[in-house]
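There are 2 protein chains.
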Amino acid sequence: MNFTVEKSIEILERTPEVLEAMLKDISAEWTEKTEGGETWSAFDVLGHLVHGEKTDWIPRVEIILSPAPDKTFELFDRFVQFEESKGKTLPEFLDEFKRLRKKNIGVLRSKKLTGKNLEEKGVHPALGEVTLAQLISTWTVHDLDHIAQISRVMAKQYEEEVGPWIDYLRILNL
Amino acid sequence: MNFTVEKSIEILERTPEVLEAMLKDISAEWTEKTEGGETWSAFDVLGHLVHGEKTDWIPRVEIILSPAPDKTFELFDRFVQFEESKGKTLPEFLDEFKRLRKKNIGVLRSKKLTGKNLEEKGVHPALGEVTLAQLISTWTVHDLDHIAQISRVMAKQYEEEVGPWIDYLRILNL
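Those sequence lines, one after another, are chains A and B.
Letter 105 of the first sequence, counting from 1, is numbered 104 in numbering that gives the first Met the number 0, and no numbers are missing.
Letter 112 of the second sequence, counting from 1, is numbered 111 in numbering that gives the first Met the number 0, and no numbers are missing.
Calculated directly from the structure, the hints in this document are not laboratory data.
Heads up, a few of these hints could be off.
Below, in silico cross-link-like pairs of lysine to aspartate or glutamate (EDC-like), each with a Cα-Cα straight-line distance of 20 Å or less [unchecked claim]:
id, chain 1, residue 1, chain 2, residue 2
1, B, K120, A, E118
2, A, K115, A, E5
3, B, K101, A, E19
4, A, K102, A, E31
5, B, K155, A, E12
6, B, K120, A, E158
7, A, K32, A, E159
8, A, K101, B, E19
9, B, K155, A, E5
10, B, K115, B, E159
11, B, K115, A, E159
12, B, K120, B, D69
13, B, K32, A, E9
14, B, K97, B, E83
15, A, K32, B, E9
16, A, K23, B, E12
17, A, K23, B, E19
18, A, K32, B, D24
19, B, K23, A, E5
20, B, K155, A, E9
21, B, K120, A, E159
22, A, K155, B, E61
23, A, K101, B, E12
24, A, K32, A, E83
25, B, K23, A, E12
26, A, K87, A, E31
27, B, K23, A, E9
28, A, K115, B, E159
29, A, K23, B, E5
30, A, K101, A, E31
31, B, K101, A, E12
All values reported here derive from a predicted model rather than from experimental measurement.
Please put together the full structure from these sequences, using the hints given.
Here you go:
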């Protein structure tokens, strides 16, 4: 499937509603537990998504489109949300994510990106040169990845409860 | 996390809204494509979920709670939906799933299941004896499994578009 900004926005604009449908007013047991060890809870994933809206996606779009000679991105901190999450509640994160995402889609649309813009490049500190189209594609897939992760983390809370059906449920074997 | 009927219903009642938020009015390219080969599209998964509401979960609850001497389930046909899907549209499936799920949760609640009921058993044709609690747990995890699958199938449509970021996106490596 070929990339377009509009097809990407179709996913990006749905994610706050998807997360709200999955998580709003659900028991804390579903959202506070992890897959064990250093893995994340649904709440942690939400914090990560909020942090990305603030510091990752749109700031990188701006770097690529800027006239700066050095278009190297800052490395995205995947752990800082544990600090920022302190004292926050899940409904607050859902609202904040919805608000930030709406604003960021507005910024994206306001750029009126041309085919030429989409081929412009930035430099990822680990991956090297990447295009604007690849950045927006990754933003899109990143949403879907975390929706799947939240589904998996929640599913694993019932890992023992399903008994012998565990062999039929792919999500419990990831 | 220990099983309860109410915690299971928290997931079961959200799934129609989650699917609606993900899929309603989105471009057909996102919902009609598969992961390749014999895999399913988002549309196929919806058909499978509708079929399950009709023939799998509640009928098996009824078998377990019945006084029948033989409580062997009928084998669930995971492919019949391809016949039933012909001529159906995605919005029709979303509406049908929402209606059937609401009805089935009503049936589940109407049973006022006791701890003793939840330990009652049926016989899965391949897995052997399973309890009612395991059946309801599986219904719940099965929803989350298919939400994750739909996320994955959609994400894979952008597999090539993300460029070097593919290494960072777990969902593209499943």
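Structure-based check of all given hints:
no., hint, verdict
1, K120/B x E118/A, "violated (60 Å)"
2, K115/A x E5/A, "holds (16 Å)"
3, K101/B x E19/A, "holds (19 Å)"
4, K102/A x E31/A, "violated (28 Å)"
5, K155/B x E12/A, "holds (18 Å)"
6, K120/B x E158/A, "holds (19 Å)"
7, K32/A x E159/A, "holds (15 Å)"
8, K101/A x E19/B, "holds (19 Å)"
9, K155/B x E5/A, "holds (17 Å)"
10, K115/B x E159/B, "violated (52 Å)"
11, K115/B x E159/A, "holds (19 Å)"
12, K120/B x D69/B, "holds (11 Å)"
13, K32/B x E9/A, "holds (16 Å)"
14, K97/B x E83/B, "holds (17 Å)"
15, K32/A x E9/B, "holds (16 Å)"
16, K23/A x E12/B, "holds (12 Å)"
17, K23/A x E19/B, "holds (15 Å)"
18, K32/A x D24/B, "violated (33 Å)"
19, K23/B x E5/A, "holds (16 Å)"
20, K155/B x E9/A, "holds (15 Å)"
21, K120/B x E159/A, "holds (17 Å)"
22, K155/A x E61/B, "violated (26 Å)"
23, K101/A x E12/B, "violated (27 Å)"
24, K32/A x E83/A, "holds (18 Å)"
25, K23/B x E12/A, "holds (12 Å)"
26, K87/A x E31/A, "holds (13 Å)"
27, K23/B x E9/A, "holds (10 Å)"
28, K115/A x E159/B, "holds (19 Å)"
29, K23/A x E5/B, "holds (15 Å)"
30, K101/A x E31/A, "violated (26 Å)"
31, K101/B x E12/A, "violated (27 Å)"
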